[in-house]
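S.K.: Residue numbers (our numbering), protein chains in the order written: chain A, 77 to 339; chain B, 5 to 230.
Bear in mind the hints are in silico, worked out from the structure with no lab data behind them. Owing to the predicted nature of the structure, the values given are computational and were not obtained by experimental measurement. Check before you lean on any hint, since a few could be wrong.
Unchecked claim - Only some residues are given here: those of chain A computed to face chain B with a beta carbon under 8 Å:
no. : residue
1   : Glu-238
2   : Leu-240
3   : Arg-244
4   : Leu-277
5   : Leu-278
6   : Pro-279
7   : Gly-312
8   : Val-316
What the hints assert, rightly or not - These stretches of chain A come out as covered by chain B in the derived footprint (C-beta under 8 Å, 3 or more residues):
no. : segment
9   : 97-109
10  : 177-187
11  : 246-258
Idealized CB from N, CA, C, for every residue including glycine.
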Amino acid sequence: MISIAVSSQKGGVGKTTVSINLAHAFARAGVRTLLVDADPQGSVGLSLTRQSRLLAGFYDYLADPGLPLDRLIVPTRLETFSLVASGQASDYEAGGAGMGAHLARVRAFLRSVSARGFDLCLIDTAAGLFGVTGDVIASSDAIMIPQQAEPLGIRSVPKLLEGLNRLRVMNPRLSVLGVCLTMVQHDLAESTEAAAALRQLLPPDMVFQTQIPRDGLFIRASARGLPVGVLEDGAGAQVVFDSLRAEIESKLEPADHRHGYPG
Amino acid sequence: MDPINPWLDPVEVRRMAERLLKPVADPVRSVVDAGFDEGFVGFDAGAPPVRAQATQVIPARIVPPHPEPPPLPPREPVAAEDVPHPAPVAVETAPVPVVEAPEEKSSTTARGPFLDRIHRFRDWMRHHFAATGIFILDREGAVIFDESSHGRLHFLARSLAMASRRPGATAGNVHVKIGAGATLEVIPVETPYGCLVLGAVVPESLQPAAVAAVMEALGQVAAPQA
């Protein structure tokens with residue numbers, strides 16, 4: 077199994093949108109995918125399940141060693157796609173214990189997910205690289221970083237890289253898949269310039285070729301509690317996430333032999 | 005005006021990014037690490053932890069001291085002020101230099117008794133439990149005493165101690181197998197000066213009675229009774 081943390085230094089960059097639609101893209105391709113909402117705001121749950129406020133979830137697992145993973149898994153209509161909501165304990169945890177406090181439980185969680193037969197565990201984390209998010213990154217195989225295509229976001233990149241280098245000391249096998257530009261607006265010069273600046277700033281391998289456009293489709297999909305690809309006119313957006321999935325698979329290829337990921 | 009470059013150092017950003025793309029070599033194992041296997045969750049280079057079988061984090065319940073625990077190290081009356089207030093030491097995964105006494109203490113008279121007690125405690129731990137790599141952290145994670153010379157063990161111990169804490173309950177000991185015949189025993193001890201975290205590498209995890217004896221002994225080291 078491969079675990080991928082979807083994390084960013086800044087909030088509001090589209091982590092949840094990327095997580096939901098990327099997980100859906102993998103699941104459609106036959107990869108047994110578990111999407112985990114590790115954001116105390118519970119955005120994945122709020123986007124996809126009306127009962128999310130009632131479900132036990134990831135933070136409950138961290139708080140209660142007696143809670144089995146099976147009680148957290150929410151199936152979807154797609155057989156290969158399941159969810160874990162953030163849970164009821166998340167409000168309590170949002171105040172945040174220090175980094176490392178939940179390392180053992182996060183790793184136990186990932187071991188359980190692997191034992192349950194999932195091929196991929198995609199974890200939508202809270203913004204920032206500390207607290208539980210830090211523990212998730214320090215326990216995952218890989219990380220991808222959504223980054224909004226706007227100047228302020230790009231300016232935060234040094235802090236992001238600094239934080240990731242620090243976390244890699246804790247987790248040397250962490251593979252940095254790269255930065256994925258989101259909310260790209262081709263009709264706005266500042267947005268395209270920021271995207272170009274990021275590509276110039278970072279090594280080519282560090283920035284995904286696929287970029288996610290700003291599109292009203294995502295808001296409509298979220299309003300209906302669906303991945304964007306499920307919408308009647310969502311085929312175009314689905315192609316974007318299929319492309320992102322293919323890029324990730326190519327980046328993971330060298331690791332496939334190590335982890336047994338079916339690809 | 006360029007909206008990006010005046011705000012950052014492109015050369016430094018590039019350097020950090022390129023470092024992230026390079027595989028990280030296995031951590032250099034110091035002599036203290038010898039024998040630690042890939043199940044060691046502190047720095048799990050190599051095999052993915054999802055497959056690791058050797059790691060066992062087993063919270064143990066603390067029970068009252070055994071009627072016949074090992075005899076405690078001798079007590080010694082000491083003034084309260086020689087309880088350590090160590091200089092802040094960042095808890096990083098990089099090796100931390102050995103800190104044998106709080107840096108703030110300049111008076112050898114003030115340090116001496118505490119160090120004596122620590123050394124007696126260490127000898128007692130070695131004698132009765134074959135403990136090595138003993139270290140003590142304060143409630144902030146700063147190093148009070150260390151003969152392990154390994155910051156990763158400190159980080160692991162502190163993480164385990166924090167993870168084992170339950171609201172409203174006394175902190176319990178935790179142990180994690182870090183290699184063949186080597187277990188890191190982590191024992192949080194409440195003292196009048198806050199919670200101290202003792203870490204020690206022992207051949208096998210300690211029995212509850214032994215844990216209770218160690219807690220009592222460390223409590224006396226921190227705040228000896230007259």
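S.K.: Each hint: holds or not?
M.R.: Okay, the hints, checked on the actual structure:
1. Using the Cβ-Cβ criterion of 8 Å, the hint placing Glu-238(A) at the interface with chain B is satisfied: the shortest such distance is roughly 6 Å.
2. Restraint check, Leu-240(A) versus chain B: the minimum CB separation of about 6 Å is within 8 Å; hint holds.
3. Of the supplied interface hints, the one on Arg-244(A) holds, with its beta-carbon coming within about 6 Å of a beta-carbon of chain B, less than 8 Å.
4. Against a cut-off of 8 Å between C-beta atoms, the interface hint on Leu-277(A) holds, since the closest Cβ of chain B lies about 6 Å away.
5. The criterion of a C-beta within 8 Å of any C-beta in chain B is met by Leu-278(A), whose closest approach is roughly 5 Å, and the hint holds.
6. With 8 Å as the threshold, the beta carbon of Pro-279(A) comes within range of chain B, its nearest partner Cβ sitting at about 6 Å, so the hint holds.
7. A hinted interface residue such as Gly-312(A) counts as satisfied when its beta carbon comes closer than 8 Å to some beta carbon of chain B; here the least separation is about 30 Å, so the hint is violated.
8. Among the interface hints, the one on Val-316(A) is violated; its C-beta lies about 24 Å from the nearest C-beta in chain B, farther than the 8 Å criterion.
9. Interface restraint, the segment 97-109 of chain A with chain B: violated (0 residues with C-beta to C-beta distance below 8 Å; minimum three).
10. Against chain B, the segment 177-187 of chain A contributes 9 residues with a C-beta closer than 8 Å to a partner C-beta. That satisfies the three-residue criterion, and the hint holds.
11. Counting residues of the segment 246-258 of chain A whose C-beta lies closer than 8 Å to any C-beta of chain B gives 5; at least three are required, and the coverage claim holds.
Violated hints for the displayed structure, listed by number in ascending order: 7, 8 and 9.
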